[in-house]
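Participant: If you want the building blocks of each chain, they are given just below.
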Amino acid sequence: MFEVLEHPADVGFRATGASLPELFESAAEALASIVLDPQNVRPATSVVLTAQGDSNESLLVNWLSEVLYWLDGERFATRSFKVRALDSVHLIAEAKGERRDRARHETRLVVKGITYHQLKIENHGDRWVCEVYLDV
Amino acid sequence: MSERLELQPIDEFRFRIPRSVERGMRTDVVVYSSRKLIEQIRKDQSLDQAVNVAALPGIVGPSLAMPDIHQGYGFPIGGVAALDWRQGVVSPGGVGFDINCGVRLARTSVSLDEARPKLRDLVNQVFRDIPCGTGGEGPVTLEKDELNRVLTDGAASMVERGYGEPRDIEFSEERGCLVNADPEKVSDRAKTRGRCQLGTIGSGNHFLEVQYVEQIHDTRAARALNIEKNQIVVLVHCGSRGLGHQVCTDYLAQMGEAMKKYGISIPDRQLACVPIQSPEGQSYLAAMRAAANFAWANRQAILHFLRGAFRRIFGSETKLDLMYDVCHNIAKHERHEVDGATLEVLVHRKGATRAFPAGHPELPEAYRETGQPVLVPGSMGTASWILAGGEQSMRETFGSVCHGAGRLLSRTAAKKGRNAAEVKSQLEKQGIIVRSETRDGILEEIPEAYKDVDEVIDVVHRAGLAYKVARLRPLGVIKG
Chain V
138 MFEVLEHPAD
148 VGFRATGASL
158 PELFESAAEA
168 LASIVLDPQN
178 VRPATSVVLT
188 AQGDSNESLL
198 VNWLSEVLYW
208 LDGERFATRS
218 FKVRALDSVH
228 LIAEAKGERR
238 DRARHETRLV
248 VKGITYHQLK
258 IENHGDRWVC
268 EVYLDV
Chain Z
8 MSERLELQPI
18 DEFRFRIPRS
28 VERGMRTDVV
38 VYSSRKLIEQ
48 IRKDQSLDQA
58 VNVAALPGIV
68 GPSLAMPDIH
78 QGYGFPIGGV
88 AALDWRQGVV
98 SPGGVGFDIN
108 CGVRLARTSV
118 SLDEARPKLR
128 DLVNQVFRDI
138 PCGTGGEGPV
148 TLEKDELNRV
158 LTDGAASMVE
168 RGYGEPRDIE
178 FSEERGCLVN
188 ADPEKVSDRA
198 KTRGRCQLGT
208 IGSGNHFLEV
218 QYVEQIHDTR
228 AARALNIEKN
238 QIVVLVHCGS
248 RGLGHQVCTD
258 YLAQMGEAMK
268 KYGISIPDRQ
278 LACVPIQSPE
288 GQSYLAAMRA
298 AANFAWANRQ
308 AILHFLRGAF
318 RRIFGSETKL
328 DLMYDVCHNI
338 AKHERHEVDG
348 ATLEVLVHRK
358 GATRAFPAGH
368 PELPEAYRET
378 GQPVLVPGSM
388 GTASWILAGG
398 EQSMRETFGS
408 VCHGAGRLLS
418 RTAAKKGRNA
428 AEVKSQLEKQ
438 GIIVRSETRD
448 GILEEIPEAY
458 KDVDEVIDVV
468 HRAGLAYKVA
478 RLRPLGVIKG
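In order, the protein sequences belong to chains V and Z.
Each number in the numbering used here corresponds to the 1-based position in the first sequence with 137 added.
Each number in the numbering used here corresponds to the 1-based position in the second sequence with 7 added.
If you're looking for bench data, these hints aren't it; they were derived computationally from the structure.
The beta-carbon is built from N, C-alpha and C at its ideal position, and this holds for glycine as well.
Careful: at least some of the hints might be erroneous.
[What the hints assert, rightly or not] Below, computed lysine-lysine pairings styled on BS3-like, alpha-carbon distance capped at 27 Å: (1) Lys257(V) <-> Lys267(Z); (2) Lys268(Z) <-> Lys257(V); (3) Lys423(Z) <-> Lys50(Z); (4) Lys43(Z) <-> Lys422(Z); (5) Lys50(Z) <-> Lys257(V); (6) Lys326(Z) <-> Lys43(Z); (7) Lys257(V) <-> Lys125(Z); (8) Lys423(Z) <-> Lys436(Z); (9) Lys326(Z) <-> Lys423(Z); (10) Lys436(Z) <-> Lys125(Z); (11) Lys125(Z) <-> Lys423(Z); (12) Lys233(V) <-> Lys219(V).
[Unchecked claim] The following label-pair restraints were derived from C-beta to C-beta distances: (13) Thr187(V) <-> Ser432(Z): 43 to 51 Å; (14) Arg425(Z) <-> Ser192(V): 35 to 43 Å; (15) Ser192(V) <-> Glu19(Z): 40 to 48 Å; (16) Glu211(V) <-> Gln284(Z): 47 to 55 Å; (17) Glu211(V) <-> Arg425(Z): 28 to 36 Å; (18) Gln284(Z) <-> Ser192(V): 24 to 32 Å.
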């Protein structure tokens, strides 16, 4: 679950999840759907994504930077994300998708990077929420 | 919001936030603005961000805000800060994700009258030959060793490969290359992201515009820059693409850790910084220079393909000469006079353009008496400006001025209640043809989303930081 947030120059999103792993999955889905239209992406292959950080905040920024690298550097269109392991400093996840094809996967925005600007991760009992701003 | 900050007017175009207002400020903030612009500026967090910059260890002189300032990440966009070369810090956020985002202007031998009837063909040709790159590969793909050469040598590496003319190099800031760039400091990921993107514009606020010289404001300078009324020029606004973005990402991640080692605490994690002379600081600068060189090579490749497109439409004798190329996201090692002493500083220009005045030894011979050309793109469909560096820039702003109009509306607000086809047809009624690779590219960059560029230019002109040479109007716009 996510929604897009306004920023004077760029774009952000608010994502939610029932647990921290789910929060990381929905944040990745938010980023991917800002970059391209995921509707026509086939879950043809799966890749392993990893990230490290010294806090939930840096782990989230580094995780989203990993997702962005696969989208922009490896030209991999993502359909879904599943966090396989998560502790306080490491994250291992699986992403399903296929090679980006401009005919089928409409590019929405080129995201340059994930920022720490007004970054938030909050736990409201059974619900986790994060807010992330992207440089576009 | 910055509305709570106390702003003391210094004169009509200068405002000060004294260092006493926030704990941790090591220096004042000086804002260049007008009474009208300052009210818009105070509505976002940009002045708070300029205050945070004033807290960086080793800052020399004030934290500076240009009239196009708007909220960024860590540093404000339109911010300038000089850090002592030996005692100060370097902050990747003070350069930004798009290292050496900049502007290149080519003057052509085509006149407005010649261009009008062929404008649609020209815009279509340029759109075909110079992709925005949102869908993938660009027109130049490099092997690993070739890419390393680009990272070391910048624009010259492209000219050697046949993408340009030898004289292009002379008319670029730093001759299109920062020395002491180290490709080994650039990660394989950054190289993978950038390898296929040479010769592409990118998206966001990046664009390529076919324009004409609407008005000359300084005849002597215009003559030196070889431009005249109703001449067709082309303005290219883009940077180091995915390669630069990844360099920033990589070093921001490293610096979070390194800051603890150096005992640096900052008000905003996006301002992460390390001492310039530390191994981490030197590594970042070597990688940043490499990314800057990639950006110059990118704009050089674009100029090459632009020449091809113009010659296909207007004939093989058509000339496109590089007038100048400036970067506006960069950190540069420079010498400046501060309180009567010459200091070595690292000038962070985050959305700010170098503007060296007449007589500066780094200017090409042809522009030595004019001052450095400063290229300021406006919003889509309005106007852009050619300025030249003024005397006050060296005295007050470490040789820097504004870089654009400055954003006013968020992307979401810009899109609200509008559709791309209507915006396109409104622009066409004004004689402006727009092509975009993405549906939202046009909507997010509508003229109403930006401040009035003429107002911004008036401030820097009247403050003596740069002076007006010519106003340019768009005819064809290509956007990501």
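Participant: If a hint holds in the structure, say so; if it doesn't, say that too.
Facilitator: Right, here's what the structure says about each hint:
1. For a cut-off of 27 Å, the pair hint linking Lys257(V) to Lys267(Z) stands: about 21 Å separates their Cα positions.
2. Straight-line distance between C-alpha atoms of Lys268(Z) and Lys257(V) comes to about 25 Å, which keeps the hinted pair within the 27 Å bound.
3. Straight-line distance between C-alpha atoms of Lys423(Z) and Lys50(Z) comes to about 20 Å, which keeps the hinted pair within the 27 Å bound.
4. At most 27 Å may separate the alpha-carbon atoms for a hinted pair to count; Lys43(Z) and Lys422(Z) meet this at roughly 25 Å.
5. Proximity of Lys50(Z) to Lys257(V) is assessed by CA-CA distance (about 22 Å); at most 27 Å being required, the pair is judged to hold.
6. As the CA atoms of Lys326(Z) and Lys43(Z) are separated by approximately 41 Å, the hinted pair breaks the 27 Å bound.
7. Taking the CA atoms of Lys257(V) and Lys125(Z), the gap is about 52 Å. The hint is violated against a cut of 27 Å.
8. Between Lys423(Z) and Lys436(Z) the CA atoms are separated by roughly 22 Å; this keeps the pair inside 27 Å, and the hint holds.
9. For a cut-off of 27 Å, the pair hint linking Lys326(Z) to Lys423(Z) is broken: about 42 Å separates their Cα positions.
10. With a CA separation close to 17 Å, the supplied pair Lys436(Z) and Lys125(Z) stays within the 27 Å bound.
11. Simply put, Lys125(Z) and Lys423(Z) have alpha-carbon atoms about 34 Å apart, too far for the 27 Å limit, and the pair is violated.
12. For the hint pairing Lys233(V) with Lys219(V), the CA-to-CA distance comes to about 9 Å; that is within 27 Å, so the pair holds.
13. For the pair Thr187(V) and Ser432(Z), the beta carbons lie near 48 Å from each other, so the given range of 43 to 51 Å is met.
14. Between Arg425(Z) and Ser192(V) the beta carbons are some 40 Å apart, a value that agrees with the proposed interval 35 to 43 Å.
15. Between Ser192(V) and Glu19(Z) the beta carbon distance is about 46 Å. The supplied range of 40 to 48 Å therefore holds.
16. A beta carbon spacing of about 36 Å between Glu211(V) and Gln284(Z) contradicts the range 47 to 55 Å that was offered as a hint.
17. Between Glu211(V) and Arg425(Z) the Cβ separation comes to about 34 Å, which falls inside the hinted range of 28 to 36 Å.
18. A C-beta distance of roughly 28 Å is found between Gln284(Z) and Ser192(V), which places it inside the suggested range of 24 to 32 Å.
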